[in-house]
Amino acid sequence: MSERTRKRPRARLATLAALTALTTAACSTTHEPTDETPTPRTRPTASHRPAPGPPSPSAADGTDVGACADADCEITVTKPVTLHFPVPGGSGRAALPAPW
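Heads up: the sequence shown runs through residues -26 to -1, 1 to 74, numbered per mature numbering (1 follows the signal peptide of the UniProt record, and there is no 0).
Some clues are possibly wrong.
The following label-pair restraints were derived from C-beta to C-beta distances [what the hints assert, rightly or not]:
{"#": "1", "residue 1": "Ser30", "residue 2": "Phe59", "range": "21 to 29 angstroms"}
{"#": "2", "residue 1": "Gly36", "residue 2": "Gly66", "range": "15 to 23 angstroms"}
{"#": "3", "residue 1": "Pro31", "residue 2": "Gly64", "range": "50 to 58 angstroms"}
{"#": "4", "residue 1": "Thr11", "residue 2": "Thr(-12)", "range": "41 to 49 angstroms"}
{"#": "5", "residue 1": "Ala72", "residue 2": "Leu(-8)", "range": "42 to 50 angstroms"}
No wet-lab data here; the hints were simulated from the structure. A virtual CB, placed ideally from N, CA and C, is assigned to each residue, including glycine.
Please take these sequences and the hints and turn them into a complete structure.
So, in structure tokens, the structure goes:
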């Protein structure tokens, strides 16, 4: 057996031992006891919801999927939809997911 082959298992074993020790230390629940009472956490009183953005512009063709038959449309997608349209040499298809 060459010396290079013998060193690899030792290095792997040392690495595994070090990772095990670090993981065990990080997961330890032992804490020094104190006489102080824990400070309660407070929650913010006001909700910080972002202000609604401007409304989306309305689509020229509304929700009419049939308007896309000529491959030139502007529709509002509120649910998954598949569009079929002509392309050179056949027909094309585009699947649109629900609003993301």
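task: Starting from the hint list further up, note which numbers the structure goes against and sort them upward.
output: Hint 3 alone not satisfied by this model.
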